[in-house]
Structure formats: structure tokens, C-alpha cells
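J.: Take a look at the letters that make up each chain.
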Amino acid sequence: MTGPTAVDAATVAALADAVGGDAGFLDELADAYLADAPAHLAAIADAVRAGSAAALVLPAHTLKSSSASLGALALSKICRELELEARDGSLDGAPERAAAAEVEFRRVEAAIEGLKRARWVAGMPTG
Amino acid sequence: MSADSVPAEPAEDHSRVRPAAGARILVVDDNRVNRLVLVRLLTSLGHEALEAENGRVALQTLRGSRPDAPVDLVLLDLLMPELDGYATLEAMKSDGELASVPVIVISDVDDLDSVVRCIEMGAADYLPRPYEPSILGARIGASLDNARLLATIARQRTELARFLSPQVAALVSTPEGEQLLAGHRRAITAVFCDLRGFTAFSETAEPEELLGVLREYQAAMGGLVVEHGGTLEHFAGDGMLVFFNDPVPQEDHEERAVRMAVAMRTRFDELAAAWRRRGSELGFGVGIAVGYATLGRIGFEGRYDYAAIGTVVIMASRLSSEARAGQILANQRAFAAVEHLVVGERHADLSLKGFSRPVTAWDIVALRSAPAVPSP
Chain A
1 MTGPTAVDAA TVAALADAVG GDAGFLDELA DAYLADAPAH LAAIADAVRA
51 GSAAALVLPA HTLKSSSASL GALALSKICR ELELEARDGS LDGAPERAAA
101 AEVEFRRVEA AIEGLKRARW VAGMPTG
Chain B
1 MSADSVPAEP AEDHSRVRPA AGARILVVDD NRVNRLVLVR LLTSLGHEAL
51 EAENGRVALQ TLRGSRPDAP VDLVLLDLLM PELDGYATLE AMKSDGELAS
101 VPVIVISDVD DLDSVVRCIE MGAADYLPRP YEPSILGARI GASLDNARLL
151 ATIARQRTEL ARFLSPQVAA LVSTPEGEQL LAGHRRAITA VFCDLRGFTA
201 FSETAEPEEL LGVLREYQAA MGGLVVEHGG TLEHFAGDGM LVFFNDPVPQ
251 EDHEERAVRM AVAMRTRFDE LAAAWRRRGS ELGFGVGIAV GYATLGRIGF
301 EGRYDYAAIG TVVIMASRLS SEARAGQILA NQRAFAAVEH LVVGERHADL
351 SLKGFSRPVT AWDIVALRSA PAVPSP
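Chains as they are written, first to last, in my numbering: chain A, 1 to 127; chain B, 1 to 376.
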């Protein structure tokens with residue numbers, strides 16, 4: 001099982017609430033996220049390998065943003081650190097953070113698959 | 001709106017005035033997850049959502065949208081490939097067609113600099129992520145309301161410029177305008193003109209014919225008023241009061257007035273010839289007076305006019321009443337100012353209602369440079 005913090009339950013609940021508890025839409029959103037995230041992670045890895053801080057900004061920014069939308073707050077935080085450092089033109093912490101992002105994404109992926117199987121009940125408004 | 005509409009027919013143009021729900025909103029974001037969420041929120045608020053994955057695609061969509069189905073609002077991300085939010089905003093604000101479309105910037109770039117920069121560039125609002133869906137809805141509503149208000153003002157200004165004199169229409173929304181509207185005293189040249197035989201004509205003519213003649217007359221005369229820089233105070237049936245030197249000061253206001261009156265007489269003769277062939281016998285008389293008037297806003301809430309009040313206006317009106325068909329009568333002060341420009345004849349002194357002493361009047365026969373127009 002995944003750790004408790006990969007996907008924030010409160011964020012998912014707010015999102016589910018905003019879309020009227022439409023599990024089908026949450027599935028669609030999750031699928032889009034899971035389909036696009038690997039490309040962003042790959043772009044981050046490429047930028048790190050190429051030593052290009054400029055090329056790192058956009059994929060880190062994008063993954064930060066969509067991760068936050070789905071409640072993947074830890075992954076969003078790592079991406080934010082990557083983005084901010086890259087904006088300053090530095091890649092000092094980037095290799096380590098890029099690796100951490102890869103690992104964290106696996107946890108997020110597993111958590112999301114779990115939410116999908118559970119029809120997002122963890123995120124549904126209660127009562 | 002057709003350019004050749006006559007003033008009597010207000011053209012309706014509400015194409016940009018749309019209900020708050022059911023607006024067409026373009027979501028511009030390279031992030032598919034963010035787009036999906038926004039589109040879903042907008043749809044649940046009753047709006048129609050369009051999507052663009054970057055600024056370049058957004059501009060294509062905006063420029064390609066049909067005039068009857070315009071984009072009402074843009075939700076714009078800042079950091080995007082190809083064309084970012086700043087460049088998109090800049091392109092929109094420098095495009096006459098798109099400049100009025102409100103833009104709400106939504107971005108993770110939550111530093112103060114980017115907020116200031118976006119607002120300075122013309123963004124209607126700024127919403128940093130993560131946003132509350134209810135706040136997004138409220139801000140969209142507010143921006144749409146603002147845009148509607150601006151569109152209404154723009155439309156009203158256009159219509160005012162067609163119905164009122166352009167000078168007065170332009171005044172309405174300026175700070176100096178408020179002062180001028182509050183009332184001031186100034187020397188003006190007042191020109192009053194109306195038709196001879198119009199009452200008899202209106203009793204016998206069919207309403208359509210009557211309106212047709214009036215529209216032709218008002219359109220032709222209205223054009224000459226604008227051409228000479230006059231302020232049309234009002235059209236009342238066949239009567240028309242135009243003044244000069246206000247609200248825009250004109251050094252040569254007397255000359256403009258006289259040139260306009262002569263041009264009107266010439267134009268009227270052409271119109272009258274056509275009407276005469278249809279059996280309508282109409283004549284045109286003008287009174288011109290120079291003097292002081294109080295100018296400003298008169299009326300009541302909901303129905304204000306920009307008006308001139310003073311003996312100069314009454315004088316012009318009385319002189320017009322005295323004028324025979326084809327005659328332009330000027331008071332002493334008006335004639336003195338244009339004497340070198342016109343061929344004038346001293347008219348018999350007039351006893352005018354409301355004036356205790358006989359009034360010296362001059363008959364403007366013609367402009368000096370032009371061949372004399374014989375009075376009928």
C-alpha cells in the first residue's frame with residue numbers, strides 16, 4: 001500500500017465537491033494526469049542530464065500545478081523546488097530532486113489507482 | 001449598424017450584451033489537467049468553455065470566432081510553451097477587435113510582480129492557484145458584468161454621437177464634461193431654422209410621407225451641422241436649434257454659423273425641388289443671433305438635455321419666425337462679425353415678442369465669394 005501523504009484526501013474531497021461528486025470526471029482527470037506526468041518527468045530528467053536549467057522550468061512548473069490540483073502535494077512541492085531553483089539558473093539540487101520526484105510519482109500513481117478502484121469514496125463529501 | 005441610417009431610426013446592437021450565465025469563455029492553459037478542471041467548473045456554472053493549449057492557439061481561436069458568437073472572456077495561464085500568457089495578453093490588448101475582451105489571469109506564479117504586470121497590461125483580474133471554485137465563479141461574473149457595462153457605454157456613445165452632436169456625446173464621459181454640464185455662461189451664435197408651410201403640409205400629408213420628408217430634411221441638415229462643427233441642441237419636428245462656440249470654443253463661431261445657414265439653404269432648395277414635384281410646397285427660414293447664454297444640463301433624472309438658455313436663443317427663434325421662405329435673418333451682433341464675408345441687406349427693424357425695443361436685423365443674401373442666391 002501507499003503512504004498516507006501521496007494524495008491529500010482534503011484536496012480530493014474539495015475537487016470532488018466542486019464537480020458534484022462525478023466519479024467519472026475524476027477518473028478522466030486522473031487518467032489525463034497519469035498519462036501526461038511521465039512525459040513531464042522525462043523532460044525534467046532530460047533537462048538535468050543536459051544541464052539546462054532553462055529547459056527544466058516548464059515541465060517542473062506544469063507537473064507542480066497538475067499535481068497540486070489532484071492533491072499530490074508532496075510531488076507538487078518537489079516540483080516547485082525544482083522550478084524555483086531552475087528559475088535561479090541553478091541545477092545543484094536538481095538530480096536529487098528529479099530522482100525523488102520519480103519515486104514520489106510511483107506512490108501517487110498507486111494512490112490514484114486505489115482511489116479509482118474505490119470510486120473516489122475517500123474524496124466524496126460525507127454525510 | 002448601417003452608416004447611412006437616418007437619426008430618426010435607432011439601430012439596435014446588443015450582440016455583445018449577453019447574459020451572465022451562458023457566456024463563452026476561452027480557457028488558455030498548456031496543462032491538460034488544469035484545462036479539464038476549469039472547463040468542468042465553467043460548464044457547471046452554465047458557461048460554454050472553449051480550450052486552447054497555448055497563446056498562439058488562443059489568438060487563432062479569438063480571431064477566428066464568428067462575430068455573432070464572440071468569446072466573452074479569457075482565462076489565461078502565464079507560463080506556456082510557444083506563446084506565453086504575457087505575450088498573449090499584449091497581443092490581445094493591441095488588437096482593436098480583442099482589446100475589449102476581459103482577461104482573467106490564472107497562474108501558479110503567485111508573486112506580486114506578475115500580478116502587477118498583468119493588471120498593468122490590461123488584465124481584468126488575477127487569480128493565483130490554488131483557487132477556490134466559488135471565487136473563480138464570482139470573479140468571472142464580475143468581469144463579465146464590467147465588460148458588459150463597458151460595451152454598453154461604448155454602444156451608447158456611438159448612438160449618442162449619432163443622435164446628439166458629437167461634441168456633446170464626447171463630453172458625457174470626461175471630467176471636464178461634468179463641469180460643463182453643471183452650467184456655464186458664454187457668448188454663442190445660435191441658429192434657429194424651421195420650415196414654412198410645414199403645419200399645412202402635416203395636416204394633409206400621409207404620416208409616411210410626412211416622416212419621409214422630415215427624415216430627409218433632418219438627415220441633410222444634421223450632416224451640415226456636423227460638417228460645420230455646430231452643436232445640435234434639438235430637432236423638434238421641423239424646427240432645429242444649433243449653436244456654436246460651445247461646448248467646444250470656436251474663434252470663428254459667427255462665420256461657421258452663417259456658412260452653415262447658407263449651405264442649409266442651398267441644400268434645402270435641392271430637397272424642396274423634389275418635394276415640390278410630389279406636391280409639397282415647403283420653405284426654409286433661418287434666424288441667427290449672437291449673444292450670451294447659459295449652457296448646461298437641463299431636465300430631470302433619466303431625461304437630460306444639453307441646452308442653451310438665454311435671450312440669444314429666443315432672438316434666433318423670433319428672427320426665424322420673421323424670415324420668409326429662403327431668408328436668413330441675423331441680429332446686429334451676428335451680422336457685424338461676418339459683414340466682410342457676406343452680401344447683406346438691412347432689414348426693417350423688427351418688433352419681436354419679448355423684446356422691448358425694436359431689433360435691428362440683416363438679411364444674409366449670399367456669401368461674398370459665392371454667387372448670390374436669389375430669394376424666392
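By construction, these hints were calculated from the structure, which means they are not laboratory data. Be careful, since some hints might not be right.
Covered by chain A, per the in silico footprint, the following chain B stretches (three or more residues, Cβ under 8 Å) [unchecked claim]:
(1) 22 to 33
(2) 37 to 45
(3) 286 to 296
All residues carry an ideal CB built from backbone N, CA and C; glycine is no exception.
J.: Using a Cβ cutoff of 8 Å, are there at least 3 residues of the region 22 to 33 of chain B near chain A, or does the coverage claim fail?
T.: holds (count 4)
J.: Tell me if chain A covers the region 286 to 296 of chain B under the three-residue, 8 Å CB rule, please?
T.: violated (count 0)
J.: Taking a Cβ-Cβ distance under 8 Å as contact, does the region 37 to 45 of chain B have three or more residues in contact with chain A?
T.: It holds, with 4 qualifying residues against the three required.
Comparing the model with each numbered hint stated earlier shows that hint 3 is the single one that does not hold.
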